[in-house]
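Construct all of the structure, not just a fragment, from the sequences and the given hints.
Number of protein chains: 2
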Amino acid sequence: MGASVFGGGGGGDPYMGGLMAGQAIETGGEVELVALDSLDDDDLILPVAMVGAPTVMAEKFLSGDEGARLRTEIEQTLGRRVSAVACGELGGINGVIPVTWATNTGLPMVDCDLMGRAFPELQMTTAALAGISINPVVMTDERGNLVKFDTITPEWAEKMVRTVVTSMGGEASMCLYPMTVAQAKEATVVGSVSRAMEVGRLLLEAADDPIAALCASVDGYALIEGKIVDVERQTTEGFSRGSVTIEGTGGHNGRFLRLEFQNENLVAMEDGRVVASVPDIITAVDVHTARPIVTEQLRYGQRVSVIALPCDPIWRSPEAIELVGPRVFSYDIDYVPVEELHG
Amino acid sequence: MGASVFGGGGGGDPYMGGLMAGQAIETGGEVELVALDSLDDDDLILPVAMVGAPTVMAEKFLSGDEGARLRTEIEQTLGRRVSAVACGELGGINGVIPVTWATNTGLPMVDCDLMGRAFPELQMTTAALAGISINPVVMTDERGNLVKFDTITPEWAEKMVRTVVTSMGGEASMCLYPMTVAQAKEATVVGSVSRAMEVGRLLLEAADDPIAALCASVDGYALIEGKIVDVERQTTEGFSRGSVTIEGTGGHNGRFLRLEFQNENLVAMEDGRVVASVPDIITAVDVHTARPIVTEQLRYGQRVSVIALPCDPIWRSPEAIELVGPRVFSYDIDYVPVEELHG
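In order, the protein sequence lines correspond to chains A and B.
Take any residue in the first sequence, note its place counting from 1, add 3, and you have its number in our numbering.
Take any residue in the second sequence, note its place counting from 1, add 3, and you have its number in our numbering.
By construction, these hints were calculated from the structure, which means they are not laboratory data.
You may find that some hints are simply not true.
[Stated by the list, open to error] Simulated DEER-style distance windows between Cβ atoms:
| hint | chain 1 | residue 1 | chain 2 | residue 2 | range |
| --- | --- | --- | --- | --- | --- |
| 1 | A | 337 | B | 172 | 27 to 35 Å |
| 2 | B | 238 | A | 194 | 31 to 39 Å |
| 3 | A | 253 | B | 238 | 53 to 61 Å |
[To be verified] Cross-link-like lysine-lysine pairs, in silico, PhoX-like; alpha carbons within 25 Å at most:
| hint | chain 1 | residue 1 | chain 2 | residue 2 |
| --- | --- | --- | --- | --- |
| 4 | B | 162 | A | 63 |
| 5 | A | 63 | A | 188 |
| 6 | B | 162 | B | 63 |
| 7 | A | 162 | B | 162 |
| 8 | A | 162 | B | 63 |
Even glycine gets a Cβ: it sits at the ideal position worked out from N, Cα and C.
Okay, here's the thing in C-alpha cells:
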C-alpha cells in the first residue's frame with residue numbers, strides 16, 4: 004500500500020499485489036530485503052516489473068513461472084548469475100512483484116527501484132537518465148512465450164515492448180536495465196522500498212486524521228477532498244488512459260479538480276490551472292482511510308482526497324524534465340515543483 | 004524472377020530482389036548454391052526472410068548488416084555454428100535475400116526453402132508441418148534493433164512478430180526454424196531454388212509464346228488474359244491486403260476474373276466460382292513477357308495473364324490443407340487442386 008502511494012495511481016492495485024506477494028511467501032517462504040551496501044559492487048541486480056494496462060492486470064494472472072524464466076534468459080545471455088531482484092517501479096503490484104519472483108528464484112530483493120514512483124513508459128527511469136543500457140529486455144507471458152529485445156534506445160524498447168504486450172493480451176512480465184550494484188548506487192532511487200514500507204505501515208495504523216498523517220509522512224499536499232463525478236477511461240495501445248473529475252465536498256464545496264492519467268496520474272488541474280504535474284506524484288486516496296486508489300479503480304461516486312507529493316530530487320534536473328516532464332506527455336506547460344505551487 | 008513465379012504475387016518484387024542480390028555479389032563476391040546432400044547431416048542451416056508488407060519493402064531498404072546480426076544471435080543462442088543460409092520462402096526478394104546475407108556472412112546458400120512458394124504467415128511452412136520448432140525466431144531492423152522470440156507455437160510467433168514488424172515500420176529481416184541438414188531433408192521443399200532458377204532463365208530467353216512456354220515449364224494453366232480494371236489495396240496489420248479485377252481481352256472478351264490477396268494471391272474467382280485457390284500458386288504475369296507482377300505492383304490498366312500452378316505435393320495432405328487451405332484465410336470453400344479444375 005505504501006508503494007501504491009508513490010505509484011501515483013499506477014503500478015497496479017495494492018489489493019492484487021498484496022494477494023500475490025502473500026501467496027508467494029506462503030508457498031515459497033519469506034524474502035529478504037537487502038540494502039545495496041550489503042551486496043558486492045560487482046553483483047548483478049535484475050529490475051523486474053509487470054508491463055501493460057493496469058485494467059488488464061486486474062483480471063489476467065501470472066502462472067508463477069515468469070520470474071524463473073526471465074532470470075534464466077538473462078543469465079544465459081549475460082553469462083553470469085543474478086544476485087538480487089529489484090523493483091522496476093513502485094506501485095501496488097510492481098512494488099511487490101520482486102517478492103513473488105524472489106521466492107521462486109531463491110534470490111533476495113534489493114532496496115531500490117528505477118523511478119521512486121511509477122511511470123508509464125520504459126525509458127522513464129533513473130537508469131536511463133544515468134546512461135545505463137536497458138538491454139537486454141526480456142518479457143514473458145503466463146503461457147510461456149518469451150521475447151528478448153536488444154534495442155538501440157530505451158524509446159525503441161518501449162515502442163516494441165508495447166506492441167508485444169498488446170499481442171500477449173495487454174499484460175506481461177519483464178526485466179530490464181540489468182546492472183551491477185556499483186551502477187545501481189548511482190542509477191536507482193536507493194532505499195525506496197523500505198521507505199514505501201514505512202508509509203504502508205502508517206496506513207495500517209489507525210490515525211485520527213489519516214490524510215493529514217499521510218501528508219506529514221510524505222511531505223504531501225491535499226489538493227481536494229470530494230466526490231468523483233465523472234470518469235472517462237480507455238484501455239488502448241497497451242495503456243489505460245483517461246481522466247476523472249472530483250467535485251469538492253465539505254470545506255471544498257463548489258470546487259472541481261480534474262485528473263488526467265496514462266496508467267499513472269499525470270496532471271491535476273483546477274479552473275484550467277495546473278495544480279500538480281509529473282514528475283511530482285499525484286495520488287487519489289480514500290477520504291476515510293487515506294489508502295491509495297489506483298487509476299483503474301476510480302469509480303463514480305467514490306469519496307476521495309487527492310494528494311500531491313514531491314518526486315525524488317533526481318527527477319528535477321533539466322535533463323530529467325526532458326525525459327519525464329509534462330511536455331513529454333503533450334502538456335504544453337512548464338513543470339513547477341508541487342511545494343512551490345502549494346508551499 | 005523464377006522465384007517470383009512461385010511466389011504467387013508475394014515474397015517481394017523481383018526487380019528489387021535482383022538489385023539487392025546484384026549489389027551484394029558485386030561487393031561481397033559470388034555465393035555458392037549447395038545441395039542439402041553436399042552438407043553433413045548434423046550441419047545447421049538457417050532459413051531467412053524479409054517479413055512485413057511488400058508495399059513497404061519497395062521503399063524501406065536494408066542496411067546490409069542484418070544477416071550477420073541474425074547469424075551471431077543464433078550462434079550465441081544455440082551454441083553452434085551455422086553452416087548455410089536457406090530461403091524461408093520463394094519470391095522476388097525472399098528467394099534471393101539469402102544471397103545478400105550469404106555474401107556478408109561468408110556462408111553458402113542451400114538449395115531448398117520452407118514453402119516451395121510464398122505464404123503470408125510464419126506458421127505456413129513445411130517445417131511447421133513436419134513438427135520442427137520455429138524457435139528461436141530472431142528479427143532485426145536496419146537501425147540495429149534486435150528481437151528474439153521463443154514461442155509456444157508458430158502461431159504465437161506469427162502474432163508477436165507481426166506486431167513488432169509494425170512498430171519497426173512495416174518491414175524487418177528475420178531467421179526462423181533453424182534446423183539440421185537431416186531435418187531439412189524431410190522438412191523443406193528440396194531443390195526449389197535451382198528449380199526457380201530454371202524458370203527464371205526460361206523467362207530471360209525470348210520465346211515465341213512466353214506464356215505458353217512458362218505454363219509448359221511449371222505445369223501451369225492460363226486462367227485469363229486481360230486488363231486490370233480495378234485495384235483495391237490496403238497496407239494494414241503488417242500485411243498488404245486487397246483484390247484486383249481483370250477484364251478479359253482478345254479471345255477472353257466479356258470475362259472477368261477477381262484475385263484476392265494477403266501479400267500473396269489467395270483465390271481467383273470467376274462468376275462467383277473459385278477457379279484456383281491456396282495452396283496452389285496463382286501468379287499474375289505480364290501478357291507480353293510472362294514476367295511475374297507482384298501484388299504490390301498491380302496497377303489499373305496493366306495487361307496481364309493470370310496463371311495457376313500446382314503447389315508442391317507436400318501441401319495437399321489434409322493436415323497441410325488445415326494449415327494453408329482456403330478456410331485458414333476465411334474462405335468457406337473446399338480446396339480443389341488446380342489440375343482437377345482445369346485439367
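(request) Mind listing which of the numbered hints don't hold for this structure, in increasing order? (result) Per hint list: 2 and 5 violated.
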